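**Student:** Here the protein sequences come in this chain order: A and B.
Here the first sequence is numbered in this note's numbering, starting from 12 and rising by one per residue.
Here the second sequence is numbered in this note's numbering, starting from 193 and rising by one per residue.
Source of the hints: derived by calculation from the structure; they are not laboratory data.
These numbers were taken from a predicted model, which means no experiment stands behind them.
Even for Gly, the Cβ is constructed at its ideal location relative to N, Cα and C.
Be aware that one or more of the hints could be misleading.
Unchecked claim - Here are the simulated PhoX-like pairs of lysine-lysine, each with C-alpha atoms no more than 25 Å apart in a straight line: (1) B:Lys312 x A:Lys222; (2) B:Lys479 x A:Lys18; (3) A:Lys222 x B:Lys576; (4) A:Lys18 x B:Lys194; (5) A:Lys340 x B:Lys295; (6) B:Lys194 x A:Lys21; (7) B:Lys479 x A:Lys340; (8) B:Lys312 x A:Lys340; (9) B:Lys576 x A:Lys324; (10) A:Lys21 x B:Lys416; (11) B:Lys298 x A:Lys222; (12) B:Lys297 x A:Lys222; (13) A:Lys340 x B:Lys194; (14) A:Lys166 x A:Lys179; (15) B:Lys295 x A:Lys222; (16) A:Lys144 x A:Lys68.
To be verified - Below, a sample of chain A positions facing chain B; criterion: calculated Cβ distance under 10 Å: (17) Leu27; (18) Glu140; (19) Leu171; (20) Leu210; (21) Phe214; (22) Pro309; (23) Ile362; (24) Leu373; (25) Ile398.
Claimed, not checked - Chain B is faced by these chain A residues, among others (derived, beta-carbon under 7 Å): (26) Phe33; (27) Val332; (28) Gly336; (29) Gly392; (30) Ala394; (31) Ser402.
Each chain, written out:
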Amino acid sequence: MSTSLSKIEKRTAYTLLLPAVFLVFAIILFPIFANVWISFKEVGLKDIRIPEPRAKKIVKNIQDSNFELKIIYKLRNSSLIQDIREVRFSDKLPKNIEPVNLDKRCKFKSQKIKCFFGNWEAGYRENFEIFVKDVNNNAINNNDIKSYNPDLNGKSNNILLTTDFTLKNFKKVFMNNNFFELLMTTFYFTFFGTLGAILLGIFAAQLVNQKFYGRTFMRSILLFPYVGPVVALAYTWTLLLDPNSGTINSLLVNYGVIEKPINLLGQKYLIINILGFELKLRLALTTVIFFEIWRYFPLAFLFILARLQAIPKDLYEAADVDGAGPFRKFFYITLPQITAILSILFMIRFIWNFNKFEDIFLLTGGASGTLTLPISVYQQGFAISNIGMGSAVSIVIVLLLIIFMIIYFKLIGKKANEI
Amino acid sequence: MKFKSLIITLFASSIFLTIIICIWKILATLQGLSFTNLNFNLNLLLSLGLVITCVFIGKKFNHNLKIFILSLSFTILYTFLNEDSPMWFSAGIFLLILFFTNKLKKYDLKYLNQDFISEKIVFEFLSLFAIVFFALVILFPFYIMFVTSFKTQTALLINPIDLSIDFSKNIFEIFKSYFVIFKTYDFGRYILTSSYVSVGTVLITLLFAIPAAYAVARLNFFGKTFLSTSILIIYMFPAIVLVIPLYTVFSQLGLRNSVEGLLIVYTATTLPVAIYMLQGYFKSIPKEIEEAGLIDGQNWFGIIIKIIIPLSLPAIASVSLYVFMIAWNEFLFSLMFLDNPKTFTLSRAINHLTGDAETPRQYLMAGSVVVTLPILLIFIYFEKYLVSGLTAGSVKG
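From just these sequences and the hints, can you work out the full model?
**Tutor:** Structure below.
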């Protein structure tokens, strides 16, 4: 009895899960594995289209003849790079109409013209002509002939399904002189973006955890940067920071803080002199990191605030009795209570910032020293149209992610469930 | 007498006052006033004087009368010493000082004599400063976005920091950018597409996620723990590593440039977190209620429809709003999959606008307002639900 019940339970569970699991498999897991496959191939964006044989049908009258017509088929291979093998063609003729002097490659049988064209190389074109006449020498209506569409098919290789593999993509990725810089930029962006967002999140959470007039309003607006659409916010910031007539630059020039506008998003380095030392600041990267912090500190804020509100009040009351000030309360009570959540937050946000694409793409497009790994995927795959290279960079991202996740689960995986 | 706390109060408060006056001045500049000097040092001295008088007078007078007279005299002094300004600017200064002196109410010499007081004072002004800082840093871009959309190209070129709205023009002139983006750039269609995609994603996600979450929460089956951990792991993989394979496959299947393609991808990417959030909530529903349902002869379908869904409406609302927000704001996939303007979503359409360097910035900002406003209104209205969705989903973002 019990076994059959558990069997029913199992079957129900699998039925309920199947649609979701299938979809996630198809759209998330399959592409991750497909990336591995593509990354070992030399594929460009233009190779993705499967080549097709195509025909355009034109019907022409012949001078001095009402019962004879010329049909022209403009044949071509849709692909400029791949061949099509064994192209077959068929078209239908209306009743009582027959071809005259039919091409050797074709046969006429029960009002159907069937042709075998053999192999078409890449970019193949041909004007294929057929003359037709009415058996009873009646006038032919052009539209009757036009009403049939020719049918073509052929065999071609889908370049994605062939088994030629190459290591070229990975060689190019790793042997590239800029690979180290790419990696370092990604780490700078990720590390400082995460750290800044968490620090700002602590401040904001500490602030909202106090009582003051307008606290609920403050809590709402603190989430605005994350809730707003990235496209709108990124373009607003681009306009704000624009060197020609951007609001912030104009204001700074107006108040004499700077003499010339600074191109905060388009200048790679800013050289600062401090006590005779020359410091080279990655300006555009710093700006992008600040945008990142601005946009994602609300998430850190939410997490930390939830934890702060769970700290028992009597801890603070005891501190009050001892005469501890707010700073001491923060360092000796609050901070120890939130370190666990901070470390989890840091790991998770680190992983997510590591993958950030939209923000940098919309602000700088990866120019002026802000090229990170995710942007590189897009550049290789779509700007340079080299899908194979793009996939190879994706694989690098996935491998690094797996390392981060192993570290995450080793360090705090179990703790995460307790909090 | 504790000089340390007195001096800390004087400096912390006067620096705070000077900074908010500077911010007010900068905001006024954006309304077309031509200030070119912040006069920081002068105003700092003025503020210091104000705080000293305020603290030394203490509670000897009626509080309201005191702050009123102080604010008025300070405002007059300020206007006298600084450059000419219109009435509304001075009125703003007056209100700022009224607010500030009111904050200083409890600060008199007696209060400053308490133990451990200086730390408290610094903390208080730091908090005040933080409120101003966060409000400014967050609202400023939204403000600029909104105001720029009402300007004209020539006005922006002549004076880029004058963002005041000219109310003497007729309504059509003021809202011109909005008329243009709806008429010329076809934003009406994009709003429809975006709404259709977002609502569709929510519905399909719920349709798939509720049964799956129920199975994970309640039923026993082989591979359950594996499944629930892998949900989170899958969730961590970013869109950017999926994009190339999906692009190639969708191109070959003809799913690019179609709303259906977007629906499939959005649903799949939001499913893991939806399942994760819902199963947590389902577990909190007492099992006895379902058992009662079982005795009444319900099958699992009936249990989900008649018991689980009505009981977990708050969680379903959270998930729906969260998924709606993700779908509405999504950019990467719409950038990759859509290149026919007929299928654009709002985000993609705005990105398309910037592709043409000639597009005036007020149109761009009007488009940004159109895409931002609905999601902000939804957020403000349903804040409670969306915040709990965000907290649960904030592993992602």
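**Student:** Taking the hints in turn, state whether each one holds.
**Tutor:** Now the hints, each set against the structure:
For the hint pairing Lys312 of chain B with Lys222 of chain A, the CA-to-CA distance comes to about 15 Å; that is within 25 Å, so the pair holds. For the proposed pair Lys479 of chain B and Lys18 of chain A, the alpha carbon gap of about 20 Å is at most 25 Å, so the pair holds. Distance restraint check for Lys222 of chain A and Lys576 of chain B: the Cα-Cα separation of roughly 19 Å lies within the 25 Å cut-off, and the hinted pair is therefore satisfied. The suggested pairing of Lys18 of chain A with Lys194 of chain B is violated, with an alpha-carbon distance near 79 Å, which exceeds 25 Å.
Only pairs whose Cα atoms come within 25 Å are accepted, and Lys340 of chain A paired with Lys295 of chain B is accepted, the gap being roughly 23 Å. For a cut-off of 25 Å, the pair hint linking Lys194 of chain B to Lys21 of chain A is broken: about 75 Å separates their Cα positions. Proximity of Lys479 of chain B to Lys340 of chain A is assessed by CA-CA distance (about 43 Å); at most 25 Å being required, the pair is judged violated. A threshold of 25 Å between alpha carbons decides the hint, and for Lys312 of chain B with Lys340 of chain A the separation of about 11 Å falls inside it, so the pair holds.
Among the hinted pairs, Lys576 of chain B with Lys324 of chain A is consistent with the structure: their alpha-carbon atoms are about 24 Å apart, no more than 25 Å. Between Lys21 of chain A and Lys416 of chain B, the direct Cα distance comes to roughly 10 Å. Compliance with the 25 Å bound is thereby established for this hinted pair. Proximity of Lys298 of chain B to Lys222 of chain A is assessed by CA-CA distance (about 17 Å); at most 25 Å being required, the pair is judged to hold. With a C-alpha separation of about 18 Å, the suggested pair Lys297 of chain B and Lys222 of chain A falls inside the 25 Å cut-off, and the hint holds.
Taking the CA atoms of Lys340 of chain A and Lys194 of chain B, the gap is near 23 Å; set against the 25 Å cutoff, the hint holds. Note on Lys166 of chain A and Lys179 of chain A: the hinted pairing is violated, with a Cα-Cα distance of about 28 Å set against a maximum of 25 Å. Taking the CA atoms of Lys295 of chain B and Lys222 of chain A, the gap is about 14 Å. The hint holds against a cut of 25 Å. In summary, the hint linking Lys144 of chain A to Lys68 of chain A is supported, as the alpha carbons are separated by about 17 Å, within the 25 Å threshold.
Hint on Leu27 of chain A holds. Least Cβ distance to chain B is approximately 4 Å, under the 10 Å limit. Restraint check, Glu140 of chain A versus chain B: the minimum CB separation of about 32 Å is more than 10 Å; hint violated. Checking Leu171 of chain A against chain B: minimum C-beta separation of about 6 Å stays under 10 Å; hint holds. A cut of 10 Å between beta carbons decides the hint on Leu210 of chain A: the least distance to chain B is about 13 Å, and the hint is violated.
Interface restraint check for Phe214 of chain A: the shortest CB-CB distance to chain B comes to about 6 Å, inside 10 Å, so the restraint holds. With a cut of 10 Å, the hint placing Pro309 of chain A at the interface with chain B holds, because the nearest CB-to-CB distance is about 8 Å. Look at Ile362 of chain A: its Cβ gets to within about 6 Å of chain B, closer than 10 Å, so that hint holds up. At its closest, the beta carbon of Leu373 of chain A sits 7 Å from a beta carbon of chain B; the interface hint therefore holds under the 10 Å criterion.
The restraint placing Ile398 of chain A at the interface with chain B holds, with a minimum CB-CB distance near 6 Å, inside the 10 Å limit. Here the hint on Phe33 of chain A is broken, as its CB sits about 9 Å from the closest CB of chain B, past 7 Å. A hinted interface residue such as Val332 of chain A counts as satisfied when its beta carbon comes closer than 7 Å to some beta carbon of chain B; here the least separation is about 12 Å, so the hint is violated. The restraint placing Gly336 of chain A at the interface with chain B holds, with a minimum CB-CB distance near 3 Å, inside the 7 Å limit.
With a least beta-carbon distance of about 5 Å to chain B, the hint placing Gly392 of chain A at the interface is held under the 7 Å criterion. The beta carbon of Ala394 of chain A comes no nearer than 12 Å to any beta carbon in chain B, farther than 7 Å, and the hint placing it at the interface is violated. Hint status for Ser402 of chain A relative to chain B: holds, with the closest Cβ pair at about 5 Å, below 7 Å.
Violated hints, listed in ascending order, are 4, 6, 7, 14, 18, 20, 26, 27, 30; each of the other numbered hints is respected by the structure.
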